[in-house]
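Undergrad: So the chains spell out like this:
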Amino acid sequence: MDLVLVAVIALGAIGLVSSTVLYVCSKKFAVKEDARIGEVAELLPQANCGGCGFAGCAGLADALVKGADAGSIEGLFCPVGGQEVMGKVADLLGMAVVNTEPMVAVVRCNGTCANRPRIAEYSGLRTCAAMHACGAGETACGYGCLGCGDCVAACQFGAISVNPETGIAEVDEDKCTSCGACVKACPRGIIELRKKGPKGRRIYVSCVNRDKGPVAMKACKAACIGCGKCQKECQFDAITVANNVAYIDPAKCRLCRKCEKACPTHAIVSVNFPAPKPATQPAASVGAANVEPVNEGEAKQ
Amino acid sequence: MNIIRTFRIGGIHPEENKLTHEVETVAAPLPKQAIFPLSQHIGAPAKPVVKKGDRVKVGTMIAEAGGFVSAPIFSSVSGTVVKIDAAVDATGYRTPVIIVNVEGDEWEEGIDRSDKLETVEAHPELTPEGIVESVKAAGVTGMGGAGFPTFVKLCPPPTAKAECVIINAVECEPYITSDYRLMMEHADEIVVGLQLLMKAAKVDRGYIGIEVNKPKAIALLTEKVKADPRIEVVPLKQRYPQGGEKQLVDAVIRRQVPAPPAIPVNVGAIVQNVGTAFAVYQAVMKHKPLFERYTTVTGKRLAHPGNFLVRMGTPMRELIDLCGGMPEGDNKLLAGGPMMGKALTSVDVPVCKGTNSVTVISDSEARRKPADPCIRCAKCVSVCPMGLEPYLLATASAKQMWDKVEAECITSCIECGSCQYTCPSHRPILDNIRFGKSKVMGIIRARNAKK
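Protein chains in written order, with the working numbering: chain F, 21 to 321; chain E, 92 to 542.
Some clues are possibly wrong.
Simulated pairs of lysine-lysine, DSSO-like, Cα-Cα distance not exceeding 27 Å [unchecked claim]: (1) Lys232/F x Lys433/E; (2) Lys490/E x Lys195/F; (3) Lys204/F x Lys542/E.
For the chain F half of the interface with chain E, some residues (derived, Cβ under 8 Å), not all of them [to be verified]: (4) Pro137; (5) Ile139; (6) Ser143; (7) Gly144; (8) Leu145; (9) Ala149; (10) Ala150; (11) Ala153; (12) Cys154; (13) Gly155; (14) Gly162; (15) Glu190; (16) Pro234.
No lab work stands behind these hints, which were simulated from the structure alone.
C-beta: ideal position from N, C-alpha, C; glycine also.
Take the sequences, apply the hints, and build the full model.
TA: Encoded structure:
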């Protein structure tokens, strides 16, 4: 009986002392956190994808609150939540909504099986990074999509997949949140975040081959050969040709599509435009909700 | 006393397949067009010093060293520079090259083309600095495959002191016989080359490590070094990867090289390939820069595999044609042997300073078996010559746990492929490790750059 009593009293005393110490510590060393950080974080999608440039949603929330205190939340954007979430966050923080154009990941490669013949067989580890380190891959193009799907593995939203027919990664633009994980995962820097464009309409050079024209053409029928015809055609100075490859600046491009018609190798691709009138061209895949950014049909016409 | 030495841990013994052991070396005919990649060595690429239309002779410098760790490149043919362009090299990518159209065979004056043996004794004027300078100027790089500029190895950092030079005549890689043929045909020159290397490194011990599957070479070289008591021929047990620097140092002088960034000279050894010793001899004694080498062209399905004295820049296609042409069907073409060689995607890749072999493997031999799950047999651990845990490194690399693999010394991996060779589940162990290693090396470089 005595023993039990001693034990109860001893444990009780230890408990009392510990709780006092814990209470004092919790008050004395309390970290004051702005309550708004938690509130903002709750509004964010909690995907923790890092697309905003911070380690996770909490990081962005912290930066947003600090930015609001400093007077501006410009440059801070959650690509996953998009305009809707950012509007709510701005309301909460009492800031003006910053308009940011929606972006989408674009795979810049036309090298389908038909365009880009295989010259070798790769039997090593099937990741793009390993294949890239081994050499040019199974085709003669040392710049094009390797099709092993490192970007697919990197995407948290299931927005990118490798089309088994073309062997090239394709982005589902409805699912793409433009977090940029695929851009970082691609060892060849093929994927680019571009403005989604009005009604999803956009034009881009679907090739990053920096070889000289004849070499690029030998490796892939739909390679950009850096001929500069598109540059001459463009009235808005939107196109630059550097290192034997053209680039369309989305900020200057007015979507006139003249460059697309001028391109001799059909390396320039446009998506989501309405079908051309039957008299001129047979329809490429157009108008559908999920237009593939790289489409063999378009490239080959 | 007569225990045959080898390195202490790990190692395998793949089928040797030395098809061309007794095939005498013949000089390969001149190519029609020679291609000289500017990156034939470890370090900065060479910088071209010729332009389109220039006439060059055999032995003319066409590109100078592009930095401290770099080497100049010499034309192996006489003719006209047609263009400075890009072409696919052994990396699989298009890299800058100088292309020369061959016309005649006119040599640069000053190159001694006689067979007369020049001994070190006959040239008392040679100083260590002078030898290093000649080696540097002649563009000599490691001829065993990696291609590290030789003169850099001869100038160890001040913290390390060289005690001996070890000649790597192991040739543990299956199929390759170019070093063996070189020893059989130029033993005297190799010994003089070793003496020059010893003089340049200011050491008085020299070893020649040869595996016991080359008894004739051991007998011949033992005979040749009798006159010089400083040099010892060390017969070694056949074991792959004995030709790795660290394994060879362990086998020959029983010292273990610590983990990177330590190099063999930190334990007192300078390791040079037997081909390099020959190139050093030619550079110093014959004033002949490095522009030709012994190369084995081999493969079970080749009609006449052989050993060739090849002018660098010769496309591999021409060598394969000399051996009866590419066998029918799909083949795997390797620059180097089947263990360490680099698979190529083009037969137009030229022979470079480090191309010791052109190996053609048939589709059925080359094809990998599908990978099964790891059965935890730890065979990879027991064969790893660096004492690593390949299964762990491979898995952690695949999961991109870079801190973990760095802590597990992934940078010590010499990429010999013993783990993958021995794996009963055919797992792509080395593929994963190699990727992880390159990633970790990048992380370490970035960290050092920040400091």
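Undergrad: Work down the list of hints and note, for each, if the structure agrees.
TA: Hints, verified against the model:
1. Lys232/F x Lys433/E: Judged against 27 Å, a Cα distance of about 26 Å means the pair holds.
2. Lys490/E x Lys195/F: 26 Å, holds
3. Lys204/F x Lys542/E: Within the cut-off at roughly 25 Å; holds.
4. Pro137: The hint is violated - Pro137/F has no Cβ within 8 Å of chain E, the shortest such distance being about 12 Å.
5. Ile139: 6 Å, holds
6. Ser143: 5 Å, holds
7. Gly144: Holds. Min distance 5 Å.
8. Leu145: 4 Å, holds
9. Ala149: Hint holds; Ala149/F Cβ to chain E Cβ min 6 Å, cut 8 Å.
10. Ala150: Since chain E brings a Cβ to about 5 Å from Ala150/F, closer than 8 Å, the hint holds.
11. Ala153: 6 Å, holds
12. Cys154: Cys154/F check passes; min Cβ-Cβ to chain E is 6 Å, inside 8 Å.
13. Gly155: 2 Å, holds
14. Gly162: Nearest chain E Cβ about 5 Å off; hint holds.
15. Glu190: Violated. Min distance 24 Å.
16. Pro234: The hint is violated - Pro234/F has no Cβ within 8 Å of chain E, the shortest such distance being about 11 Å.
Hints 4, 15 and 16, counting from the list given before, are not met by this structure.
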